[in-house]
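So the protein sequences, as listed, match chains A and B.
For what it's worth, my numbering labels the leading residue of the first sequence as 257, then goes sequentially.
For what it's worth, my numbering labels the leading residue of the second sequence as 931, then goes sequentially.
Rather than coming from a laboratory, the hints here were simulated on the basis of the structure.
Treat the hints with caution; some may be incorrect.
As the list claims (entries may be wrong) - Partial list, computed: chain B residues near chain A (C-beta under 10 Å): (1) His974; (2) Val1009; (3) Gly1062.
As the list claims (entries may be wrong) - Calculated cross-link-like contacts (lysine to any residue; reagent style SDA-like; alpha-carbon spacing at most 20 Å): (4) Lys263/A with Asp1000/B; (5) Lys1072/B with Asp958/B; (6) Lys263/A with Leu961/B; (7) Lys393/A with Asp1000/B; (8) Lys263/A with Pro441/A.
Said to hold, decoys possible - Which chain B residues stay away from chain A? Per the calculated CB distances, all over 12 Å, these: (9) Ala945; (10) Gly946; (11) Val949; (12) Leu961; (13) Lys962; (14) His964; (15) Gly967; (16) Ala1002; (17) Gly1037; (18) Ser1093; (19) Asp1097; (20) Ser1103; (21) Gly1109; (22) Ala1117.
Built from N, CA and C at the ideal position, the CB exists for glycine as well.
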Amino acid sequence: MAIDREKIIGDLSRLYISGDENGLIPAYGVLLQQMPASFWNNFTSRILTTAPDELTEAAEMLLENAAAECGYYTGYGIVQSEEFKAVVMPMVEERPADILRGLYGVFGAWGWADAEVVELEPARRMVVHARHYYEAKTPNISRPCAYMVRGVSRAFMDLAYGGPYPNGLGRFRCQQTMGIEVGDPYGEFVVTPQ
Amino acid sequence: MKTTSWNQYSELTSAGATVGFEPVCHFDRELKQHSVGGEQSVVHCHHYITLFTQMASDAEHLDGPMHLTDAAAESFYRVLKRYIATRGITLIPDRIAVAEAYFSFCGLGKIRFVCCGESAVATLSRSHIDDGWLRRWGQRDKPVNYMGAGFIKAALAVTFDLSDWQDIRVTESASIVCGAPESEFTASWRMERHGD
């Protein structure tokens, strides 16, 4: 059975989450939260439009890195979860490539983007196309700014091919080659080894 | 319609509230987008928010903490304002209850407001950001919950029909991440009065 991304999204998007009696959402080995997408975009816009030119690249790197750490640690917890084992693992024929593809179903189920792997050379190169990603609505930024998609994509590649967890983070990098925010029909993200 | 007596100098809390936060949650299968109370919503983990917070803290010379606070205030204000407007919630205790429940719904912790005149104290017995920060880096000597300050601005502006959340001053006076058993924020503002 090949990875059925729509089925994964359909099944996992039904798992609505909200805080427990402490107002916290402990899951997948981390604490989760759900906030308006505009919060993340507003901060990105404000910090990038305030930073002087010489600090812009560093700020972009930090935004991407925040997503990479999120994707790496939470992604690992997701793969270990009962939900992932129940919904995704029965579809897995080829490890770790299908697990990687399955993670993009989670990507959609969590509302990050409608993203899928369109090319994969194991451990060498992955191309992801993403539609409807919330970062495309980041105000006042006129260049590709999907730092979350970039960071999580390279983190997923780290999980798949970066070596034993938790020592594989940072083995891959991600370049955004297209973006809805700059007029393209979708975002394109190319992940390759560092 | 005039809301209840915000200008009385007695304590106002969510005690006796008759409503909570029960939003319409929707997942758009076509767009792969969640919405909570009509606002696009995304799930992230404590690593993400604590790294954003650290970035804001490191960028203090660029008003990083203020940017995080303002980004939160702007976004949460919109959700809360829409929620009380669409449901016709006018009583102050009910509005406070909605804000408190929304905070917990989001997974941000447990918050309680005590409002008095043109000031308020917000106490967090649990805090997503503080818990997340402690997990990653342990204690530090300065508070980190800039996002929480923004939520408090939004909640108070909506509760008391203030025209601009930016006029509310919020200070984190005690912090879990600094070793306090609870985080505490003090807030103050000036109501608009005729003739001001």
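A quick look at each hint next to the structure:
For His974/B, the interface hint holds, the least distance from its beta-carbon to any beta-carbon of chain A being 6 Å, beneath 10 Å. Hint status for Val1009/B relative to chain A: holds, with the closest Cβ pair at about 6 Å, below 10 Å. Of the supplied interface hints, the one on Gly1062/B holds, with its beta-carbon coming within about 5 Å of a beta-carbon of chain A, less than 10 Å. Of the supplied pair hints, the one linking Lys263/A and Asp1000/B is violated, its CA atoms being roughly 38 Å apart against a limit of 20 Å.
With a CA separation close to 41 Å, the supplied pair Lys1072/B and Asp958/B exceeds the 20 Å bound. Only pairs whose Cα atoms come within 20 Å are accepted, and Lys263/A paired with Leu961/B is accepted, the gap being roughly 15 Å. At most 20 Å may separate the alpha-carbon atoms for a hinted pair to count; Lys393/A and Asp1000/B meet this at roughly 18 Å. Restraint check for Lys263/A and Pro441/A: the C-alpha separation of about 24 Å exceeds 20 Å, so the hint is violated.
At the 12 Å boundary, the C-beta of Ala945/B stays outside the reach of chain A, the nearest C-beta of that chain being 18 Å off. For Gly946/B, the non-interface assignment is confirmed: its Cβ lies about 21 Å from the closest Cβ of chain A, beyond the 12 Å cut-off. For Val949/B, the condition that its CB be more than 12 Å from all CB atoms of chain A holds, with the nearest at approximately 16 Å. Separation of Leu961/B from chain A is inadequate, the least Cβ-Cβ distance of about 5 Å not exceeding the 12 Å criterion.
For Lys962/B, the condition that its CB be more than 12 Å from all CB atoms of chain A is violated, with the nearest at approximately 4 Å. Its closest Cβ contact with chain A, about 4 Å, brings His964/B to no more than 12 Å, contrary to its assignment away from the interface. The beta carbon of Gly967/B sits about 9 Å from the closest Cβ of chain A, which is not more than 12 Å, so the claim that it is off the interface is violated. The beta carbon of Ala1002/B sits about 6 Å from the closest Cβ of chain A, which is not more than 12 Å, so the claim that it is off the interface is violated.
A Cβ of chain A approaches the Cβ of Gly1037/B within 12 Å, the least distance being about 4 Å, so the stated non-interface status is violated. With a closest Cβ-Cβ approach of about 20 Å to chain A, Ser1093/B is found to remain outside the 12 Å limit, as its non-interface label requires. With a closest Cβ-Cβ approach of about 19 Å to chain A, Asp1097/B is found to remain outside the 12 Å limit, as its non-interface label requires. At the 12 Å boundary, the C-beta of Ser1103/B stays outside the reach of chain A, the nearest C-beta of that chain being 20 Å off.
The claim that Gly1109/B lies off the interface holds: its Cβ sits roughly 19 Å from the closest Cβ of chain A, which is beyond the 12 Å cut-off. Under the 12 Å C-beta cut-off, the non-interface status given to Ala1117/B relative to chain A holds; the minimum distance is some 19 Å.
Violated hints, in rising order: 4, 5, 8, 12, 13, 14, 15, 16, 17; the structure is consistent with all others.
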